[in-house]
Amino acid sequence: MQVQKSVLIVGGTSDIGRATALAYAQAGWRVLLAARNEDAARRNADDIAIRAEGNVSVHLLDILETTGFSAFVDSLPVLPDTVVCVVGELGDQAQAQVDLSHATLVLRTNFEGPALLLGLFAERFAARGSGTLVGVSSVAGDRGRASNYVYGSAKAGFTAFLSGLRNRLAPAGIKVVTTKPGFVRTRMTAGMKLPLVLTAEPDEVARAIIAAAELKGRDVVYVRGIWWMVMTIICGIPERIFKRLRI
Amino acid sequence: MTELSGWGRYPRHETELISAGTPAAIPSLLAERTGLIARGRGRAYGDAAIGDQTTLGSCQLNRMRSFDPVSGRLTVEAGVQLADILAVFVPRGFFPPVVPGTKFVTVGGMIAADVHGKNHHRVGGFGNHVEEMTLALPSGETVVCSRSRNTELFEATVGGMGLTGVIVEATFCLRPIETGWMRQHTVVAGNLDEAISALSASASASYSVAWIDCLALGPSLGRSLIYAAEHASVRHVESLRPGAELFPSSRRGRVSVPIDLPPFALGRVSVSAFNELYFRAGVITSGYPFLVPWDPYFFPLDGIGDWNRIYGRRGFVQYQCVIPISAARSTLGEILERITRVGTGSFLAVLKQLGPSSGLLSFPREGYTLALDLPVSRDVLQLLNELDEIVVAAGGRLYLAKDARQSPETFMAGYPHLARFQDLRRALGADGHLVSKLSARLNI
Chain A
1 MQVQKSVLIV GGTSDIGRAT ALAYAQAGWR VLLAARNEDA ARRNADDIAI RAEGNVSVHL
61 LDILETTGFS AFVDSLPVLP DTVVCVVGEL GDQAQAQVDL SHATLVLRTN FEGPALLLGL
121 FAERFAARGS GTLVGVSSVA GDRGRASNYV YGSAKAGFTA FLSGLRNRLA PAGIKVVTTK
181 PGFVRTRMTA GMKLPLVLTA EPDEVARAII AAAELKGRDV VYVRGIWWMV MTIICGIPER
241 IFKRLRI
Chain B
1 MTELSGWGRY PRHETELISA GTPAAIPSLL AERTGLIARG RGRAYGDAAI GDQTTLGSCQ
61 LNRMRSFDPV SGRLTVEAGV QLADILAVFV PRGFFPPVVP GTKFVTVGGM IAADVHGKNH
121 HRVGGFGNHV EEMTLALPSG ETVVCSRSRN TELFEATVGG MGLTGVIVEA TFCLRPIETG
181 WMRQHTVVAG NLDEAISALS ASASASYSVA WIDCLALGPS LGRSLIYAAE HASVRHVESL
241 RPGAELFPSS RRGRVSVPID LPPFALGRVS VSAFNELYFR AGVITSGYPF LVPWDPYFFP
301 LDGIGDWNRI YGRRGFVQYQ CVIPISAARS TLGEILERIT RVGTGSFLAV LKQLGPSSGL
361 LSFPREGYTL ALDLPVSRDV LQLLNELDEI VVAAGGRLYL AKDARQSPET FMAGYPHLAR
421 FQDLRRALGA DGHLVSKLSA RLNI
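Top to bottom, those sequences are chains A and B. Residues in the first sequence are numbered from 1 upward in steps of one, following the UniProt record's numbering. Residues in the second sequence are numbered from 1 upward in steps of one, following the UniProt record's numbering.
This is chain B alone, in the form it adopts within the complex (with noise of 0.2 Å):
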């Protein structure tokens, strides 16, 4: 038995850790067990890959299986890292379609977890630019979905948690780039209602992302800095910044965590320092376009190994919601201030505007979506049981890859598509036979 947690570092749960050599072990591995879940590189926040008794390690499903230059058609197997996938491309001129904040996963938890990018009022999440994937179902057999064929199947899949079957390989196009820039532009907004307005004002833009200042208390409630983007062309380059490289390299990690921090390091003065030089550095740079590379505009926390560790031995939650565009301005207003209120600060808070969903237990819907992290602490799990109410009052939903803590209430409220999803888990026999800790809480 191995002690495992998502990348919160909370809960932790007891499981059987095994893996997969090769896809064509999958079928028997899933054969001989029961209460079991794919687990990619451990990223969720919470206990969605955590099995329930056992737990199947993909990391060795690391092989890239065919590209094609012409049409940026790439099939992988699932254990791929998203990191591999950009340090192999990006050179060539290839971007994926969406990536999410982080470049440490795998292209099978992509999936499962149908993760969005700053594009998806664009594209939509990762699940829509899937054409094909190889699914190990738990009668042992394995099928090929897509979105013509086993089509159902496909739609539960994408965002379906790893719970219709172990995603075995998938197939997607990469986008061409000219260069590995982002043309970035800040605006400030001096609060959320400015905020909301800036990231629907810059709806036109491939990228957008707002980052709050969470500690900004009252008229400034919800001050933030927009962040949108474009993949910069050769053109761009050479006028911004003339000589550069083209493809700037993916650079490795330079600082880490070492230490589990002790918890005064997060406490309200440093938070606020913290947070008013970033704020500051974005005021100086707002108003004119410039450079980044890809890497940091993307994954800017990769930069940091570890830091997860910043919350400490007992972990972090991070609370993503999605609140229906109608609802948004007072909803995400009315969280935003109950969180500062207790001023267990997150350092920033990321909002961002979602297009329509795809999968029938996607998290994205249009909207907008608000995600901070939060120390795990009595206070803060019964708080977020207020914010809960408060988001299923205004028609939203929670981010199942984020979650380690809602109720099976609130994840019911907000999935309208759960009982097809449950009806198909049944007819392919992954009830009780794909489980997850996540979805044992959530009755899945």
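With the rest of the complex left out, here is chain A (with noise of 0.2 Å):
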């Protein structure tokens, strides 16, 4: 009999996290849910438990409470196969330029805790000689722009660490995958608008992920074709143009 391949998703309350775990349920994997809160992660656990008959169980976790992070990954009961992170907090732009708490809270929980923990479990595959790693990162990682910069420089951050992390563990055979969502219709981005043709669902970016992370091995991926060329596009302007533009 094959053993059942498990993934911790982490950010297991967000909406592209639900989809994400319910779609590795789907296909047969033990999903282990990492989330702060209790109540909400249970909801998603049993929900997801329920609609691919599935083995789902709940593990307490803070992104930003650093310090646990190894005491966190001992105490799970098997070290997963696939380590997905899909934590992101957008934050609010104009509060981050003033307040130095505000724009802490967004670095941290976009760059700071996702890089660490995604680099401790980089050390145990390592040691495993086995394992995928998926960070989602962001568009917004891709150039700096007014509107959203403190959010932006940190997942650029975090797509920095990640191409790292897989140029130095690719020859010990850990895959590395950076998604790059586009807008997603969540709860992160509820009463936007939305231009259409860019807009993901939850569910298109988890198929993203599987499909990237498991069946084709893929190492960056825009969940939508369209914004790699958008995002060629914006990057390929010159910045004493750029700096005048306000996209």
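Careful, some of the hints might be misleading.
Stated by the list, open to error - In silico contact screen, one side only, chain B against chain A (beta carbon under 7 Å); selected entries: (1) Cys-59; (2) Arg-63; (3) Arg-65; (4) Val-70; (5) Leu-221.
To be verified - Under 10 Å between C-beta atoms, here's a sample of chain A residues computed to sit facing chain B: (6) Asn-44; (7) Asp-47; (8) Ala-146.
In short, the hints are calculated from the structure, not lab data. The beta-carbon is built from N, C-alpha and C at its ideal position, and this holds for glycine as well.
Using the hints, build the complex out of the two chains.
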């Protein structure tokens, strides 16, 4: 009998986390949901267990409590085959410009916490000789823009971290996948006017993650291909012009 | 403010639209506002799910809470879609006890409208199968009600159009099925009398419904096809369709109506031609049983996305009445004749036999129900006012989940338990607090 594979979803109460967990469970994986809010995580875990007839457990984790990470990894019932980190905090750019504690929250939630946690798993995976790490980063990290550069710079850091990790661990057979969803219809973007062709549904992101991490073995994935084009154009604009644009 | 309408796209109203992220968030949302009503997927046709001031979207309350595979008992949050329940449980051999004509509805909406299916004559409405529900009351309290606990609240909430509280969770039993196929029998009825007789003769079937060709006139008024069906057993599938998958997968909407069609699209000639083809196809298959997957049998229109747009920007109303058995033949004949005479054609009308009622404001009662779609126009609205008089005179009533235009007088005449319902609403403090455009219009 084949041993059931396991996946840890970090950010198990977010809409993308829920969709990704469900997609893995439906593919027959054991799912570990890590989240800060136990009730909310339990609510998702029960739902996923019913829908997928799967094995789903809840593990408490605060992405800002980095000192607890080692103990958290040790406390898991298994060292998962795959870890997907979907944690993100869009924050409020205007507030982040003037309120250092808010800016710190955005930077730490999008960069420090996810990077340190995945880095820790990378060490365990390297020791085991196998494993896949998926980081949900953002197109906002491709180039800093006036409207969201605090969030964007944290995501840029996360993207660079994943890139380095991939570069280092590829020879050891550890896969590192960077996902850039673009706009996604979730609670984080509720109330925003989003352009239809650029906006993915959470389950679309989930399918893209599984396809990249488990099926096709891609390294960097834009959930909707059109985002690659958009960001290539945006990144190609010379800085002396770009600095005067409002996009 | 957001402009909302029901599935018929008539009427349209401005309302504040908010959303409950978790069940725990509902009491405070409820406490902070008045003139509020909960909304599921917006499949009620008229103004039932538009808040007088605020509309509370429940679609994020979409978690399944528990399931017992032995008894089939399922507990879900109110915003869970029927389509999700079907997708998850049909392949495991379970089917909901009652399904309405579309699967794009929420469980909360199914209870609030006490929806009926093609099996109402056998098993009653959806509310009949709800064992227990959790309700957030205007007072901020959250209570559990069932047939043995908070009984009156339970009876008022089934079919109560969201006017007693916000439904948070519900528990009901799925029934076992051997396959995902329906074993269907088609009977051809040349006129309304034959259709009613055929429905009554097929009352022993689990499911039955008649599709009337609205444009057949004179002696063939009420010409229809009666579809009776059972869930097919494994043996049926093996003999009628050897080698077929036992649980055919739910299809995705393959086609959809991308734009609002212009008015002539539903002209008499095009509709007649459609109906003629539809009817002939039915006649060919009549007489012997054949297998149909559950999805097209129960939800034929769900295969066409946004079909409400065929009626154009002005929208349409669905007229659905129920007439007591004794008066059914003459009254339904008169209604059909009046509508066919105007010739602003519905494609088809649906005729069904209903069993006894359950909730205080539930639509179903023993009799026959007729439902048809009509594009909104001054003439149509005038015609419907006249039909209301016929319905009231026959002791019938109109379905609130379809209604966009009846008068308070018509409503009062059809719903004898209204006073009890209003008393309960006052006692709950729901009066003035939970208000939809429909309840304001009908003085509920």
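Hints versus structure:
Look at Cys-59/B: its Cβ only gets to about 11 Å from chain A, farther than 7 Å, so that hint breaks. A least Cβ separation of about 4 Å between Arg-63/B and chain A falls short of the 7 Å threshold, and the interface hint therefore holds. Interface restraint check for Arg-65/B: the shortest CB-CB distance to chain A comes to about 6 Å, inside 7 Å, so the restraint holds. The beta carbon of Val-70/B is not positioned within 7 Å of any beta carbon in chain A (closest approach about 14 Å), and the interface hint is therefore violated.
The interface hint given for Leu-221/B is violated, since its Cβ lies 46 Å from the closest Cβ of chain A, which is over the 7 Å cut-off. Hint status for Asn-44/A relative to chain B: holds, with the closest Cβ pair at about 7 Å, below 10 Å. At its closest, the beta carbon of Asp-47/A sits 4 Å from a beta carbon of chain B; the interface hint therefore holds under the 10 Å criterion. For Ala-146/A, the suggested interface contact is broken, since its CB lies about 29 Å from the closest CB of chain B, more than 10 Å.
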